[in-house]
Amino acid sequence: MDSAVLQVEDMPDRELQDHGLQDHRLRDHRRQDRSPKDAAVAAPVPAAPQAAAPPARVRVATRYRGHVIAFLLGAGSLLAFLVLWHLLTTYRVSFYVRFINVPSPEQVLERAVRALSSQRFYDHVLLSCRRIFIGFALATAIAVPLGLLMGRFRRLREIVFPLVEVFRPIPAIAWVPMAIMLWPSNEESIVFITFLGAFFPILLNTLHGMRMVDGVLVRAAQCLGATEAAIFREVYFPATLPHVFTGLAVGMGVAWVSLIAAEMISGQFGIGYFTWEAYSLVQYPDIALGMITIGILGLGSSALIRGIGHLAIPWGRS
Amino acid sequence: MAQTPKQKPGRIDVTDFAFSYEAADGPVEAAKDVSIVVNPGEFVSIIGPSGCGKSTLLNAVAGFIKPTAGTVTVDGAAVERPGADRGMVFQQYSLFPWKTVRQNVEFGLKMKGVDAHNRQRNARTLLGLAGLLPFENYYPERLSGGMKQRVGIVRALATGPKVLLLDEPFGALDAQTRVIMQQILTNMWQRLKISVLFVTHDIDEAIFLSDRVYCMTARPGTVKAEIVIPLERPRHQSMMMSSEFLALRRGLVSLIREESLKAMGGELNDIALQGLGIEMHGESLADAL
Numbered sequence: 001m002d003s004a005v006l007q008v009e010d011m012p013d014r015e016l017q018d019h020g021l022q023d024h025r026l027r028d029h030r031r032q033d034r035s036p037k038d039a040a041v042a043a044p045v046p047a048a049p050q051a052a053a054p055p056a057r058v059r060v061a062t063r064y065r066g067h068v069i070a071f072l073l074g075a076g077s078l079l080a081f082l083v084l085w086h087l088l089t090t091y092r093v094s095f096y097v098r099f100i101n102v103p104s105p106e107q108v109l110e111r112a113v114r115a116l117s118s119q120r121f122y123d124h125v126l127l128s129c130r131r132i133f134i135g136f137a138l139a140t141a142i143a144v145p146l147g148l149l150m151g152r153f154r155r156l157r158e159i160v161f162p163l164v165e166v167f168r169p170i171p172a173i174a175w176v177p178m179a180i181m182l183w184p185s186n187e188e189s190i191v192f193i194t195f196l197g198a199f200f201p202i203l204l205n206t207l208h209g210m211r212m213v214d215g216v217l218v219r220a221a222q223c224l225g226a227t228e229a230a231i232f233r234e235v236y237f238p239a240t241l242p243h244v245f246t247g248l249a250v251g252m253g254v255a256w257v258s259l260i261a262a263e264m265i266s267g268q269f270g271i272g273y274f275t276w277e278a279y280s281l282v283q284y285p286d287i288a289l290g291m292i293t294i295g296i297l298g299l300g301s302s303a304l305i306r307g308i309g310h311l312a313i314p315w316g317r318s
Numbered sequence: 001m002a003q004t005p006k007q008k009p010g011r012i013d014v015t016d017f018a019f020s021y022e023a024a025d026g027p028v029e030a031a032k033d034v035s036i037v038v039n040p041g042e043f044v045s046i047i048g049p050s051g052c053g054k055s056t057l058l059n060a061v062a063g064f065i066k067p068t069a070g071t072v073t074v075d076g077a078a079v080e081r082p083g084a085d086r087g088m089v090f091q092q093y094s095l096f097p098w099k100t101v102r103q104n105v106e107f108g109l110k111m112k113g114v115d116a117h118n119r120q121r122n123a124r125t126l127l128g129l130a131g132l133l134p135f136e137n138y139y140p141e142r143l144s145g146g147m148k149q150r151v152g153i154v155r156a157l158a159t160g161p162k163v164l165l166l167d168e169p170f171g172a173l174d175a176q177t178r179v180i181m182q183q184i185l186t187n188m189w190q191r192l193k194i195s196v197l198f199v200t201h202d203i204d205e206a207i208f209l210s211d212r213v214y215c216m217t218a219r220p221g222t223v224k225a226e227i228v229i230p231l232e233r234p235r236h237q238s239m240m241m242s243s244e245f246l247a248l249r250r251g252l253v254s255l256i257r258e259e260s261l262k263a264m265g266g267e268l269n270d271i272a273l274q275g276l277g278i279e280m281h282g283e284s285l286a287d288a289l
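Protein chains in written order, with the working numbering: chain A, 1 to 318; chain B, 1 to 289.
Wrong hints could be hidden among the right ones.
Unchecked claim - Just some of the chain A residues that point at chain B, by a computed CB distance under 7 Å:
no.	residue
1	Val-216
2	Leu-217
3	Ala-220
4	Gln-222
5	Cys-223
6	Leu-224
7	Gly-225
8	Ala-226
9	Ala-230
10	Pro-238
11	Trp-315
Calculated directly from the structure, the hints in this document are not laboratory data. Just so it is clear, CB atoms sit at the ideal spot from N, CA and C, and this is done for glycine as well.
Start from the sequences, fold in the hints, and give me the full structure.
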C-alpha cells in the first residue's frame, strides 16, 4: 500500500482537487498503471494519458455504476429463481418433471426459522464442519509435503505415483463400505472418506506446481549461494504455493461432496444425514433446507480458502 | 560494496574448453578449443551468431555445466558448481516473483547468513545506487523489463562476487531502454571494479561496453578473433558515432556476418547474396581497422 502512495504523490495534483476523491484515485491508479517506465524513474507515472482521460469524478461514477449493475443483475436473477420456485410449487406444476411434492420457498423458510432456533440443527451443521475440518486438515498436512517431495525427488515420485493413479479414479462414495470395514467407528470412516476426497486434488496440484517451477529461478538461487534446502524453502515452495491453493480449493469442494455422500449412507448426524433423514421421514421442506445449508457451507469454506490464499500469496495480483 | 582493490581478485581462465551433449539426433558439439581470459576488473564480451556456444561457455563459468574437455578456473580454482562468488544475470528476468525488490536483492546475503539489519542496509545502498530505492517494496510483476533487469544486476552484485556473468541481459529490452541499461551497467562496473564476462549478439553493445571482445564462430564454437576496444573511458553515447567506433563496428559486422551465414547452414554465393539484398564487401578485419 505505501508504495502505491508513493506513486500517487508523484502525480500531478490537478485532478485531486477535493480530498474525497484521492482514495478513489489511488485505487484507480493502482489498477491502471502497474508498470512505471524506466525513462521516468523520478516520476514513474506518465502524466499524459491522464490529461486526456475524463475527470476523475466521472470515472469513479462509471466504475461504481458497473458494480451497481452487476449487483442488481445478480440479485434480480436470484429473485427470479425464487419467484419461479414459488410459482412451480404453488400451482403444483407437473410436466414430466413433477413439482407436486416439492416444498415451496415459504415452507422452507418456515422450517428454516424453526430449525435455526433448535439446538439439534446446529449439532448437525457443527458435526459436518468438524468432519470437514479434520479430514481436510489431514489431507492438507499429508498431500502438500508429499507433493513437494514427489516433485523434488524423482525416485519417490516413481514409487508413489502409480499408487496415486490407481486409487485416484475411485470415487469417495465407492469407499464407503470399505471405510466402514476399515475403521472402528462410523465417525472415523466418514472423516476418512472426506480425507480421501480432498487428498488427491491437493496432491496432484502440488505436484503439478512443482513441475511448473521455472528452472531459471532455481539457477538464479544457486548462483546466489543457496543450498539445496534453501532452494526448496525459498524457491520451490513459494513457486508452488499458488498451485497448492488451487488444489486446496478443488479439494475442499470434493471433500464436501464426499462428506455428504458418506453421511447419507452411513452417518447418524451431520447435514447430509439431516437431508436424507428428511426424505425418509417425509419432511420435504427439510430436504431443501439441508440442500441450501450444504450450499452455503460449501460456499463459505471455499471463500475461506480463497481468503487464506489471498493472504498467503501477496504477489501476482495485477 | 566492500571490494578489495589491493589483491585484485576476479581472474577467469578458460583453457581448451570443449562441450558436447547428446541430442535426439546424435551428439552435438557446442564448443571446442575455446580459450579466453578475463583479467581482474576487466570488461570482456563474447559475441557470435546464435548457437555458437557463447552461452554454453558462460554456463560453464557459472558452474551449471561441466566442460567435456579443458578447464575453467576463477582465481586459479576450478569451477565445480554454481556459487555466490560468480554473480549471474540471465536474459529472462529471473527475479523471484514472491519476493519484493528488496527481498530479491537481500537473497544472496540471506544465504550467506547476514543478519536482517545488515542485509537491509546493504540492499538499500545498492538499490539507491541503481535508482531503485522508491520501488524496494514492489513485487517484480509491477516493474518494467528494464527495471527488472536492473534489480537482477543489483541482486547479482549484492553478495560481492568476484566476477559478474551476464547472458544477453538486455536482449529482451527495447532499444531505448537498452541504451540506458548499458550506461547503468557501465557506471556500476566502474564503481565496483569487478570483472565482467558479457555475452551478447549485439555488436554495438559489445563495443560500447567492453575492454575486449571475443568473436566466436558458428557451431562448434571456437574463438575466431579477439578484438581490443581502445575507446577511452568513461564512454558516452555520442561515441557510437565516432569514426573509431564505426571502424570497429564494421570489422565486427563482417566477422559476425560470415559466421551467421555459416550458422544458417548456407554456402551462399555472392549472386545469391545479392539476390537477398545483402552486399559482400570482402573487407577483412585488418582492412577495417
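We went through each hint and held it up to the structure:
no.: 1; hint: Val-216; in the structure: 5 Å, holds
no.: 2; hint: Leu-217; in the structure: 6 Å, holds
no.: 3; hint: Ala-220; in the structure: 4 Å, holds
no.: 4; hint: Gln-222; in the structure: 4 Å, holds
no.: 5; hint: Cys-223; in the structure: 4 Å, holds
no.: 6; hint: Leu-224; in the structure: 4 Å, holds
no.: 7; hint: Gly-225; in the structure: 3 Å, holds
no.: 8; hint: Ala-226; in the structure: 5 Å, holds
no.: 9; hint: Ala-230; in the structure: 6 Å, holds
no.: 10; hint: Pro-238; in the structure: 4 Å, holds
no.: 11; hint: Trp-315; in the structure: 4 Å, holds
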